[in-house]
Amino acid sequence: MTLLEVANISKRFGDLVAVDNVSMSVAAGELRAVIGPNGAGKTTFFNMISGFLSPSAGRIVFDGADITRLLPARRVWRGIARTFQITEVFPELTTRENLRIAVEAASGYRLRPWLSRQADGEVRARVGELLDLSGLSEAADRLVGELAHGDQRATEIMMALALKPRLLLLDEPTAGMGEQETYDITRLIRRLHREQNLTIILIEHDMRVVFHLADRITVLAEGAMLADGTPQEIARDEAVQTAYLGKAA
Amino acid sequence: MPALDKRAGDVLIWFLLLSAPFWLPAVGSYVELGSHVVVYALAAMALNFLLGYTGVLSFGHAAYFGLGAYGTAMTIKYLYPSTPVGMLVGVAVSTAAAALIGPMIVRLRGVYFAMCTIAFGQVFYFIAFQWRSGTGGDDGVSAWHRMPLDFGFFHIDILNNPAAFYYFAVAIFAASAALMAFLLRSPFGRTLLAIRENERRARFLGIPVDRHIWISWVISCAFAGLAGTLFALMNNFVDPRALRWDQSGDFVIMAVLGGMRSFWGPLIGAAIFLVLQDYISSHTENWMSFIGLFFVLVVLFFPRGVLGIVRRRSAP
Numbered sequence: 000m001t002l003l004e005v006a007n008i009s010k011r012f013g014d015l016v017a018v019d020n021v022s023m024s025v026a027a028g029e030l031r032a033v034i035g036p037n038g039a040g041k042t043t044f045f046n047m048i049s050g051f052l053s054p055s056a057g058r059i060v061f062d063g064a065d066i067t068r069l070l071p072a073r074r075v076w077r078g079i080a081r082t083f084q085i086t087e088v089f090p091e092l093t094t095r096e097n098l099r100i101a102v103e104a105a106s107g108y109r110l111r112p113w114l115s116r117q118a119d120g121e122v123r124a125r126v127g128e129l130l131d132l133s134g135l136s137e138a139a140d141r142l143v144g145e146l147a148h149g150d151q152r153a154t155e156i157m158m159a160l161a162l163k164p165r166l167l168l169l170d171e172p173t174a175g176m177g178e179q180e181t182y183d184i185t186r187l188i189r190r191l192h193r194e195q196n197l198t199i200i201l202i203e204h205d206m207r208v209v210f211h212l213a214d215r216i217t218v219l220a221e222g223a224m225l226a227d228g229t230p231q232e233i234a235r236d237e238a239v240q241t242a243y244l245g246k247a248a
Numbered sequence: 000m001p002a003l004d005k006r007a008g009d010v011l012i013w014f015l016l017l018s019a020p021f022w023l024p025a026v027g028s029y030v031e032l033g034s035h036v037v038v039y040a041l042a043a044m045a046l047n048f049l050l051g052y053t054g055v056l057s058f059g060h061a062a063y064f065g066l067g068a069y070g071t072a073m074t075i076k077y078l079y080p081s082t083p084v085g086m087l088v089g090v091a092v093s094t095a096a097a098a099l100i101g102p103m104i105v106r107l108r109g110v111y112f113a114m115c116t117i118a119f120g121q122v123f124y125f126i127a128f129q130w131r132s133g134t135g136g137d138d139g140v141s142a143w144h145r146m147p148l149d150f151g152f153f154h155i156d157i158l159n160n161p162a163a164f165y166y167f168a169v170a171i172f173a174a175s176a177a178l179m180a181f182l183l184r185s186p187f188g189r190t191l192l193a194i195r196e197n198e199r200r201a202r203f204l205g206i207p208v209d210r211h212i213w214i215s216w217v218i219s220c221a222f223a224g225l226a227g228t229l230f231a232l233m234n235n236f237v238d239p240r241a242l243r244w245d246q247s248g249d250f251v252i253m254a255v256l257g258g259m260r261s262f263w264g265p266l267i268g269a270a271i272f273l274v275l276q277d278y279i280s281s282h283t284e285n286w287m288s289f290i291g292l293f294f295v296l297v298v299l300f301f302p303r304g305v306l307g308i309v310r311r312r313s314a315p
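Protein chains in written order, with numbering that gives the first Met the number 0: chain H, 0 to 248; chain B, 0 to 315.
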């Protein structure tokens with residue numbers, strides 16, 4: 000079943016064509032990597048799916064409904080969650096509070112002046128689950144702004160996960176991380192994909208991470224789609240090698 | 000330990016507030032100054048609901064403070080001589096004005112939001128200034144006074160007994176502070192913190208940010224209006240200065256001076272501001288330059304305000 004269908008979308012900023020007529024179809028349960036050299040339009044492409052930018056042309060269909068013009072919050076309500084290239088968290092609140100805000104937003108409690116004892120218990124339990132799942136329990140009561148970069152990133156991913164998304168968009172989840180942190184985040188993403196059967200699209204520069212995780216890979220170059228296929232197909236693709244992998248090697 | 004410190008701080012603050020009429024004369028002051036502090040503190044805490052806990056700077060809160068004051072004064076003078084009725088009208092007027100103006104400004108951020116709040120504030124200032132037949136123009140609304148509270152079975156003379164008025168103001172302040180603290184600890188309060196901390200993240204958690212800023216704005220202005228009603232009652236008078244932008248600036252100074260990330264910060268800030276003003280203005284007309292200098296020093300060296308210093312000291 001197709002969960003996300005992106006049809007011929009483009010984004011122009013004045014004369015600059017950042018994304019040019021790109022199409023992509025993502026099946027439910029798939030882990031898709033979007034790769035490409037710097038300036039290929041990957042983040043712009045992502046921003047159009049999450050509603051941060053609206054496309055100049057084309058259509059985005061999520062779970063059978065056209066979401067091309069929906070506001071970001073409404074896309075979240077339909078089940079699309081995202082993280083950012085530069086981690087976006089609530090730095091002066093604790094990890095637990097960060098997750099709690101996300102859980103309450105997801106439960107529709109964001110306007111409530113109080114919670115029943117039962118609802119409060121459910122929120123706490125869900126926050127506890129997310130802390131356990133991410134291995135952040137020990138950092139639960141520390142300010143997120145004081146955590147290591149990898150833990151901040153993990154917090155952001157868990158906040159997105161707290162929304163119980165059907166599609167999770169991760170923009171360079173391992174950017175700026177050391178070996179160990181990259182390994183930990185990769186393992187976390189793989190667990191979310193395998194154990195929760197979550198559909199994930201990720202932008203990633205680290206080819207080890209990409210080939211380790213992805214079911215399928217979409218390659219962008221200079222705003223246009225260069226290739227789309229399984230990791231084996233992409234590894235063999237000559238156009239990709241010259242445009243991208245060749246340069247990296 | 001921090002939880003214990005906080006509780007000790009709460010107890011100390013309430014003890015000082017409740018015992019003020021007994022110790023203020025002993026330190027060479029007077030009960031009326033206590034009432035001033037409580038009234039301004041309520042306005043500064045109301046502002047801080049928006050500034051410190053939603054991350055939105057309003058430079059026009061005097062408009063809603065002044066609308067509360069004018070609403071109360073004009074109701075008691077022209078319509079119905081009752082303190083509670085006057086207060087209800089005052090709060091209703093300022094809340095309604097904030098609710099109507101809100102949608103026009105909540106999309107703006109930072110300095111643009113601040114400038115628009117000033118602009119709307121000045122609109123009310125000029126109305127009060129020009130509408131001589133209703134507001135008395137520059138002369139203000141005078142020749143009326145607050146009415147003693149009469150609950151049928153008992154009677155409180157807040158008109159002639161300064162201590163009675165002080166406790167009346169403290170009671171309103173306490174109820175307002177409790178309600179604000181309650182809201183800030185709720186899921187709604189956490190949503191506001193989320194907007195303050197990172198608007199982009201909040202938006203991508205599915206939070207309609209502008210709508211929540213509007214609600215926070217209306218709550219904040221309603222409490223500022225309530226403080227304004229007390230201000231009019233305290234002085235038995237109101238004039239257009241209560242609405243003017245420099246009055247808004249005073250509220251911002253109080254909140255920042257005391258510490259806008261602390262619940263009690265604006266109270267401390269209001270107390271310091273008014274005590275300095277009271278003390279220095281009896282020696283020199285240039286009292287504002289001294290407060291300004293003190294403000295600059297605090298902002299430069301202790302950006303978290305006076306309570307920020309205390310908190311840093313007590314941290315392990």
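It should be emphasised that the hints constitute simulated quantities derived from the structure, not laboratory data.
A virtual CB, placed ideally from N, CA and C, is assigned to each residue, including glycine.
Check each hint, because a few of them may be wrong.
[Stated by the list, open to error] Distance windows between CB atoms, simulated: (1) H:142 - B:21: 37 to 43 angstroms; (2) B:177 - H:77: 37 to 43 angstroms; (3) H:137 - B:4: 20 to 26 angstroms; (4) H:175 - B:21: 55 to 61 angstroms.
[Claimed, not checked] Covered stretches of chain H, as calculated for chain B (at least 3 residues, CB under 8 angstroms): (5) 74-87; (6) 111-121.
Hints and how they fare:
no.: 1; hint: H:142 - B:21: 37 to 43 angstroms; result: holds, 41 angstroms
no.: 2; hint: B:177 - H:77: 37 to 43 angstroms; result: holds, 39 angstroms
no.: 3; hint: H:137 - B:4: 20 to 26 angstroms; result: holds, 24 angstroms
no.: 4; hint: H:175 - B:21: 55 to 61 angstroms; result: holds, 60 angstroms
no.: 5; hint: 74-87; result: holds (count 6)
no.: 6; hint: 111-121; result: holds (count 4)
Violated hints for the displayed structure: none, as all numbered hints are satisfied.
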